[in-house]
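Residue numbers (the working numbering): 164 to 246.
None of these hints come from the bench; they were simulated from the model. Owing to the predicted nature of the structure, the values given are computational and were not obtained by experimental measurement. Backbone N, C-alpha and C fix where the C-beta goes; we use that ideal spot for every residue, glycine too. Treat the hints with caution; some may be incorrect.
To be verified - Distance condition first, Cα-Cα at most 25 Å in a straight line; then the derived DSS-like pairs of lysine-lysine:
id	residue 1	residue 2
1	K197	K226
2	K226	K214
3	K197	K214
4	K226	K205
5	K214	K237
Stated by the list, open to error - The calculated label-pair distances, taken between Cβ atoms and stated as ranges, are:
id	residue 1	residue 2	range
6	A188	P222	22 to 30 Å
7	K197	K237	22 to 30 Å
8	Q220	N187	17 to 25 Å
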Amino acid sequence: VCLAGKQPLNTMSDGSNQKDLIENADGSLLLDHKGQPISVDKFLSTKPLRKEVSTRQGPGGMKLSYMGGDVITKTLNEAFGYD
């Protein structure tokens, strides 16, 4: 996944500019579940998938939620375009 910078500057329906869209490795735009291009701002502001969040018991019986290091690494690699 990488930033798209080849397209002309156009404003999208979510207010982002086309230059701020994310591309897949093959050069196609990364699309959301509605088929709309995903902007960098939208991608970085999304919450992790529930299945990627683990829980464990913490001090005083509190329930702690966390994400494993491998999930964090994968998410950041996708966000910033690294393999």
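Worksheet item: Are K214 and K237 close enough, with their CA atoms no more than 25 Å apart?
Response: Cα-Cα ~14 Å, so holds.
Item to complete: Below or equal to 25 Å on CA atoms is what counts here, so check K226 against K205.
Response: violated, 29 Å
Worksheet item: Does K214 lie within 25 Å of K197 when you go C-alpha to C-alpha?
Response: This hinted pair holds, its Cα atoms lying about 21 Å apart.
Worksheet entry | Restraint check for K226 with K214, where alpha carbons must lie at most 25 Å apart | holds, 16 Å
Discussion item. Hinted pair, alpha-carbon criterion (25 Å max): K197, K226. Please report holds or violated.
Written reply: violated, 34 Å
Worksheet item: Would you say the C-beta atoms of A188 and P222 sit inside 22 to 30 Å of each other?
Response: violated, 43 Å
Worksheet entry | Pairwise beta carbon distance, K197 to K237, judged against the given window 22 to 30 Å | holds, 24 Å
Item to complete: Using the Cβ atoms, figure out if Q220 sits within 17 to 25 Å of N187.
Response: violated, 39 Å
Consistency with the previously given hints fails for numbers 1, 4, 6 and 8, ordered from lowest to highest.
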